[in-house]
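Make the full structure from the sequences, and use the hints.
Protein chains: 2
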Amino acid sequence: MVKMMDSPCPIARGIACFGDAWSLLILREALNGVRRFDDFRKRLGIAPTVLTKRLSALTDEGLLEKVRYLDHPPRDEYRLTDAGRDVLPILFMIAEWGRKHRGSGSLVRYLDSATGRDLEPMAVDRVTGEEIGSRPIQIVLPVAPA
Amino acid sequence: MVKMMDSPCPIARGIACFGDAWSLLILREALNGVRRFDDFRKRLGIAPTVLTKRLSALTDEGLLEKVRYLDHPPRDEYRLTDAGRDVLPILFMIAEWGRKHRGSGSLVRYLDSATGRDLEPMAVDRVTGEEIGSRPIQIVLPVAPA
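The listed protein sequences correspond, in order, to chains H and V.
Going by the numbering used here, the first residue of the first sequence is number 1, and it counts up by one from there.
Going by the numbering used here, the first residue of the second sequence is number 1001, and it counts up by one from there.
One or more of the hints may lead you astray.
Said to hold, decoys possible - One side of the interface only, derived from the structure: several residues of chain H facing chain V at Cβ under 10 Å:
#1 Arg13
#2 Glu77
#3 Leu80
#4 Leu88
#5 Trp97
#6 Gly129
Since the hints were made in silico from the structure, they are not lab data.
What you are looking at is a predicted structure, and each value in this text was computed from that prediction instead of being measured.
The beta carbon of each residue, even a glycine, is placed where N, CA and C say it ideally should be.
Next comes the structure, spelled out in C-alpha cells:
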C-alpha cells in the first residue's frame, strides 16, 4: 500500500489514505461529530487495537488532528481537518450506491432540511455541470521524465 | 464485515461490498476496460490468490459478472454489471480528493474530451442541484419495529 501513494493515479492516492472499511466508517462518525476514542469504539464496535491504528494512520495522513482537550488526566480527541471533511462527498456517493443497489429493509435517510426530500447525490463536473460518465473523457498519463 | 451488510446505513452497505483498496482498484481497472484475470494481475501487481478472492467477492456481490469467453480451454472474463458501473462516480470523487490533497508530482489527468479541460468532480443533490454539504441535512434513523 506504500507504493500506492507514489502512484500517478489520484484514485490510488486517495485509496492509500482512507481506502479501507474501518477508516471510512471512522470518517463517517467523525463527520457525524464524534471526536473521542471511546465514542468511536462504542459506535463502531471496533476493537481498541484496530481503532488505535486507524486513528493514528488517519492522523498521520492529515485527515484527523489529535488535540488535547484535558490535561489531568491527559485526554485527546480527534478533529477533522479540511482534508478529512473533503471525504464527505465520497461517503455520500457511497450512500447513494447503497441506497440504489442495497436498499432493501430499513435504511438511514438523509433529507435536505429545507425541502424535506431525500438527497440524491450525484457526481458532476464543476466545469460543465454535466454528470460524470455522461460525456467522453480523455485520460492523460503523465509524461515520463527524459 | 458481514454485519455491515445488515446495517441500516447505506454507506456501510456500500463499504461492505467494495470498501477495500484492492476491490476499488479492480473496479477502476474494470472501468478502464480490463476484463481478464491476467490483465488485472499485471496491471495491479496483485498476488493471484488475493485477486481470485476479490474477483470472486465482487462477482458474488453482483458488481462483476463472470462470463465464459472460450470453451477450449475454458476461459472466463469479468464484466462490469450496472451496479459495478455505478462505482464510477465514487472513484471520480476519490480522484478529486487525491488531486486536491495529494496532487504533488506527476498525476494522471481526466479531461472532458469536448472542452479539453480537467474534470473537477463534485457531488450535488440531484433534486436541488446544490453541492452536497452546502445545505443543512437531516438524518432520519429507521423506526425500530414495534
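Hints numbered earlier in the text: which of these fail when held up against the supplied structure? 2, 3
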